[in-house]
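Produce the entire structure from the sequences given, and follow the hints as far as they go.
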Amino acid sequence: MTPEAPAIMAGTSFGRSVGRVEDARLVRGKGRYVDDIILPDQSYAAFVRSPYAHARLASIDTADALGRPGVIRIVTGADVAAAGLPPLPCGWMIHSTDGAPMKMGVRPMLAQDVVRYVGEPVAIVVADTRDLARDAAEAVLVDYEELDVTADCADALRDTTVQIHADIPGNRAFDWDIGNAAAVTDAFASAAHVVSLTLRNNRLIPNAIEPRAANAVWNAVDEQLTLYMAHQNPIGMRAFIAGYYGLAAEHKLRIVSPDVGGGFGSKAHNYPEELAIAFAAKLVDRPVKWTAERTESFLTDAHGRDHLTTAELALDSDGRFLALRVDTLANIGAYLSSSGALVPTYMYATMLSGQYVIPAIHCRVRAIYTNTCPVDAYRGAGRPEAAYVVERIVNVAAERIGLDQAEIRRRNFITDFPYQTPVVYEYDSGDYTRSLNEALALADYAGFPARQVEAAARGRLRGIGIAAYVEACGIGPSAKLAALGGGAGMWESAEVRVHPMGTVEVLTGAHSHGQGHQTTFAQVAADRFGVPIEKISVVQGDTDRIQAGTGTYGSRASVGMSATLRACDSIIAKGKAIVAHLIDVDLETVAFSDGIFSSSATNRTVAFAEMAYAAHTAAGFPTDQIEPGLVATSFFDPPNFTYPSGVYVCEVEIDPETGTTDVVAFSAADDFGTVANPMIVEGQVHGGVTQGIGQALWENARHDPDTAQLLTASFMDYGMPRAVSLPNYKLVFTPTPSPSNPLGMKGCGEAGAIGAPPAVINAICNALGVTHIDMPAAPETIWRLCQARMSS
Amino acid sequence: MEIRGSYLIPCSQARAWEALNDPELLRASLKGCERLEKLSETEYSGTVAAKIGPVTARFSGKLTQEDIDAPAGCKMRFEGQGGVAGFAKGHADVTLVPEGDETRLTYVAATQIGGKLAQMGARLIEGTARTMADDFFGRFATLILEPQSQDPL
Numbered sequence: 001m002t003p004e005a006p007a008i009m010a011g012t013s014f015g016r017s018v019g020r021v022e023d024a025r026l027v028r029g030k031g032r033y034v035d036d037i038i039l040p041d042q043s044y045a046a047f048v049r050s051p052y053a054h055a056r057l058a059s060i061d062t063a064d065a066l067g068r069p070g071v072i073r074i075v076t077g078a079d080v081a082a083a084g085l086p087p088l089p090c091g092w093m094i095h096s097t098d099g100a101p102m103k104m105g106v107r108p109m110l111a112q113d114v115v116r117y118v119g120e121p122v123a124i125v126v127a128d129t130r131d132l133a134r135d136a137a138e139a140v141l142v143d144y145e146e147l148d149v150t151a152d153c154a155d156a157l158r159d160t161t162v163q164i165h166a167d168i169p170g171n172r173a174f175d176w177d178i179g180n181a182a183a184v185t186d187a188f189a190s191a192a193h194v195v196s197l198t199l200r201n202n203r204l205i206p207n208a209i210e211p212r213a214a215n216a217v218w219n220a221v222d223e224q225l226t227l228y229m230a231h232q233n234p235i236g237m238r239a240f241i242a243g244y245y246g247l248a249a250e251h252k253l254r255i256v257s258p259d260v261g262g263g264f265g266s267k268a269h270n271y272p273e274e275l276a277i278a279f280a281a282k283l284v285d286r287p288v289k290w291t292a293e294r295t296e297s298f299l300t301d302a303h304g305r306d307h308l309t310t311a312e313l314a315l316d317s318d319g320r321f322l323a324l325r326v327d328t329l330a331n332i333g334a335y336l337s338s339s340g341a342l343v344p345t346y347m348y349a350t351m352l353s354g355q356y357v358i359p360a361i362h363c364r365v366r367a368i369y370t371n372t373c374p375v376d377a378y379r380g381a382g383r384p385e386a387a388y389v390v391e392r393i394v395n396v397a398a399e400r401i402g403l404d405q406a407e408i409r410r411r412n413f414i415t416d417f418p419y420q421t422p423v424v425y426e427y428d429s430g431d432y433t434r435s436l437n438e439a440l441a442l443a444d445y446a447g448f449p450a451r452q453v454e455a456a457a458r459g460r461l462r463g464i465g466i467a468a469y470v471e472a473c474g475i476g477p478s479a480k481l482a483a484l485g486g487g488a489g490m491w492e493s494a495e496v497r498v499h500p501m502g503t504v505e506v507l508t509g510a511h512s513h514g515q516g517h518q519t520t521f522a523q524v525a526a527d528r529f530g531v532p533i534e535k536i537s538v539v540q541g542d543t544d545r546i547q548a549g550t551g552t553y554g555s556r557a558s559v560g561m562s563a564t565l566r567a568c569d570s571i572i573a574k575g576k577a578i579v580a581h582l583i584d585v586d587l588e589t590v591a592f593s594d595g596i597f598s599s600s601a602t603n604r605t606v607a608f609a610e611m612a613y614a615a616h617t618a619a620g621f622p623t624d625q626i627e628p629g630l631v632a633t634s635f636f637d638p639p640n641f642t643y644p645s646g647v648y649v650c651e652v653e654i655d656p657e658t659g660t661t662d663v664v665a666f667s668a669a670d671d672f673g674t675v676a677n678p679m680i681v682e683g684q685v686h687g688g689v690t691q692g693i694g695q696a697l698w699e700n701a702r703h704d705p706d707t708a709q710l711l712t713a714s715f716m717d718y719g720m721p722r723a724v725s726l727p728n729y730k731l732v733f734t735p736t737p738s739p740s741n742p743l744g745m746k747g748c749g750e751a752g753a754i755g756a757p758p759a760v761i762n763a764i765c766n767a768l769g770v771t772h773i774d775m776p777a778a779p780e781t782i783w784r785l786c787q788a789r790m791s792s
Numbered sequence: 001m002e003i004r005g006s007y008l009i010p011c012s013q014a015r016a017w018e019a020l021n022d023p024e025l026l027r028a029s030l031k032g033c034e035r036l037e038k039l040s041e042t043e044y045s046g047t048v049a050a051k052i053g054p055v056t057a058r059f060s061g062k063l064t065q066e067d068i069d070a071p072a073g074c075k076m077r078f079e080g081q082g083g084v085a086g087f088a089k090g091h092a093d094v095t096l097v098p099e100g101d102e103t104r105l106t107y108v109a110a111t112q113i114g115g116k117l118a119q120m121g122a123r124l125i126e127g128t129a130r131t132m133a134d135d136f137f138g139r140f141a142t143l144i145l146e147p148q149s150q151d152p153l
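From first to last, the protein sequence lines stand for chains G and E.
Position one of the first sequence corresponds to residue 1 (this note's numbering), numbered consecutively onward.
Position one of the second sequence corresponds to residue 1 (this note's numbering), numbered consecutively onward.
It is worth saying that the hints were derived from the structure and are not from the lab.
Heads up, a few of these hints could be off.
For lysine to aspartate or glutamate, the following EDC-like pairs were computed, each having C-alpha atoms within a straight-line distance of at most 16 Å [said to hold, decoys possible]:
#: 1; chain 1: E; residue 1: Lys89; chain 2: G; residue 2: Glu146
#: 2; chain 1: E; residue 1: Lys62; chain 2: E; residue 2: Glu37
#: 3; chain 1: E; residue 1: Lys38; chain 2: E; residue 2: Asp22
#: 4; chain 1: E; residue 1: Lys89; chain 2: G; residue 2: Glu145
#: 5; chain 1: E; residue 1: Lys31; chain 2: E; residue 2: Asp134
#: 6; chain 1: G; residue 1: Lys252; chain 2: G; residue 2: Asp542
#: 7; chain 1: E; residue 1: Lys89; chain 2: G; residue 2: Asp706
#: 8; chain 1: G; residue 1: Lys535; chain 2: G; residue 2: Glu505
#: 9; chain 1: E; residue 1: Lys89; chain 2: G; residue 2: Asp704
#: 10; chain 1: G; residue 1: Lys574; chain 2: G; residue 2: Glu610
#: 11; chain 1: E; residue 1: Lys38; chain 2: E; residue 2: Glu18
#: 12; chain 1: G; residue 1: Lys252; chain 2: G; residue 2: Glu223
Here chain G is said to cover these stretches of chain E; the calculated rule only asks that three of the stretch's residues, wherever they fall, bring their Cβ under 8 Å from a Cβ of chain G [to be verified]:
#: 13; stretch: 82–89
#: 14; stretch: 110–117
By construction, the Cβ of each residue, glycine as well, lies at the ideal position given by its N, Cα and C atoms.
Written out as structure tokens, the structure is:
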């Protein structure tokens, strides 16, 4: 079904399933990605990477490799040190409960004397071709002295001799907490019921279709650096690369991200490789290009999740929640990545209220270094971990006190908005009961017992699981982010240029990496101006064209679209002044709708394109009062986050003889506020739910406990969800407009990945009659549970 | 990862022990072994070209005998570097027990692998290692019967 969302703007484009403008080139194979860019005199880079998870670099012998054909230069950590390039920073400052600032391990662009995870870059070989670079990279002799390793964050609780960063004892980056511990203790003391649960949120690998890639060219005469990179925030990266690394002056640094083939957060971070490529280009004075091989993506694209959590929920005799206590070990990998400190703190613990009134909440998070790839934001980023904790323990509580899983939620839902949770956030709007009702109706919840009986007759265990999620999206607001330790503001800019013939360019600092911004941003301008979408171009991803921006991640396109709306309104305001002059009426009498300016003082009208032409010709204009030209800019910083929410219902069938789980039905009721394009939003839900089911059933980054080698570094061993394993999803939208932006939008990109994992696991636990099963719920684990139950 | 195996070698315990210390016979028995040199009474160095799943590489490595209890057995330590293909290292306890006119050779090997080998081949390596071991001892048992060990190729 294709639910149509109510548009808050009168028009024919916004709120409708307009076909994706970008697909015309993408489906024809005419998309242009970084790897498609081949520059004159192009050279290619291959990275030498550590095969050890923890080792001292005794020596690097490049002599043989340098003598290989076509080799131009080999860059090592010594070059990085000689150039004085600083280590990679984490963009967020977290303070431990005792007030101490978090301990940030030094992460050089290329390893200096110790490598701390398999795949850490040690050297770059630059050669005339990609193959020559790879061959020569094999000839670089690195003498590693192996050190002891730890891959599991739980090791930090035991005596461990492994010391990953010299100055960080116990490998603890921080020991942080949030909430009111005393209030929680009091509530537990008087509770009628207390349930507890220990669960693991499995580590995931992002697996964007397009691997990370960079191509850099240095103009030594003008000292201009151009860096093409597959990134979610190319505009924002300029100030960072210029200001922090000094690789070029800001006004002489151009960053271009053309089409980007997926990211899920993994292309929002600051990595060593892209910076090292830019550095290498300066050293060799030729364009240097690198495109990650798939194994490099598995090893080095920042991983997601990896929490080990114990949660306790206190309830009164009616099943109302009194308090939630959570203790989490977050495996942050070998280094704190760009948002590595933010994700397990303010993007996680702040969401532990879920959709519920929970008067007291306390959460402790210990962030632990391990000899693994750094962990950072991945589709949902902290919010899936929180939803998983809350939605699992709510089901455990329901089972304990004999309440239906729908009823326990209904009984505890927040119903009055705005709602201030005990953990920072003030939820903007929502109707959680409606989402629950609509999801239950879609899923035919009432008919489940009959389906379960029917499945049992076929020897199948059928289960149903509900999960209700809420998330914080639409980031900024810059002031609130700064108060939480953020190092940069997160607003968004838009520039709207109207050309003489009335065509429109929307320039945005947001950057689509699959979300269809070229369509949805155009829809805003199309409706505001009454101009057909064919006459609108959306420009993104090039600092030579875009003035400012902070990128696309955290379901924040609503911020850029709101900036676009405001810039459009500035154009209309100027247009009214122009039209007042053209038809000689008072400005106050001029109105604009459906592409036509009119005046209550005359029956003359002026079309949008006529006004644009007049603005540019400026013929007979009072240019002392109205400047020629038609360009407007807006920087929108929202007053609050947005809080998308929804209720998912998953139904599974398990074959007890093989342990395999089939997801046979999946229903989703999502409140994304105003929906700009239902087709695109449905696509986002499909993708997110699929990744969520993938986490619950198949995906898992597994390390050898003795060597910390990543054992799932290819699609042979890392289980990706496939269409054939999934049902058709049933979707409905239950919008309550957000007051946090003028469009009323909330964001939809991550929801599915947040709500789906607990829905699936709740369904599996329901089918098996067990309290808990860890993700991924592999057939072997389920089969053993079934066998144990049959034999008991 | 632990791999174990047992083979009946058609010769005496003394002859089996002698063969186990004959670099030429060992080289001929090990498929893909391009070079095997005896550095001392207990140390060997060599090169082996091996294909493990999708990973093909030339491994340069060292083999060391420890805890020698001639002719009843010893511990063999090995480590090999395969460049970007990664590395393998470990040890094997080898015992030789007379069984009639023949000798029962038993080994228990513990191996660690890293780099591409671990990333691409972890689930394949046990099978590959077992195949290589079967192949090795098969050839070894054949070659040992010949008066002077010769390369079958």
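A quick look at each hint next to the structure:
1. E:Lys89 - G:Glu146: 12 Å, holds
2. E:Lys62 - E:Glu37: 10 Å, holds
3. E:Lys38 - E:Asp22: Within the cut-off at roughly 9 Å; holds.
4. E:Lys89 - G:Glu145: 14 Å, holds
5. E:Lys31 - E:Asp134: 11 Å, holds
6. G:Lys252 - G:Asp542: 13 Å, holds
7. E:Lys89 - G:Asp706: Distance ~13 Å between Lys89 (chain E) and Asp706 (chain G) Cα, so the pair holds.
8. G:Lys535 - G:Glu505: 9 Å, holds
9. E:Lys89 - G:Asp704: 15 Å, holds
10. G:Lys574 - G:Glu610: Satisfied, since the Cα-Cα distance of roughly 13 Å is no more than 16 Å.
11. E:Lys38 - E:Glu18: 14 Å, holds
12. G:Lys252 - G:Glu223: The given pair, whose Cα atoms are some 7 Å apart, holds under the 16 Å limit.
13. 82–89: The restraint on the stretch 82–89 of chain E holds, since 4 of its residues have a Cβ under 8 Å from chain G and three suffice.
14. 110–117: holds (count 5)
In the structure shown, no violation is registered for any of the earlier numbered hints.
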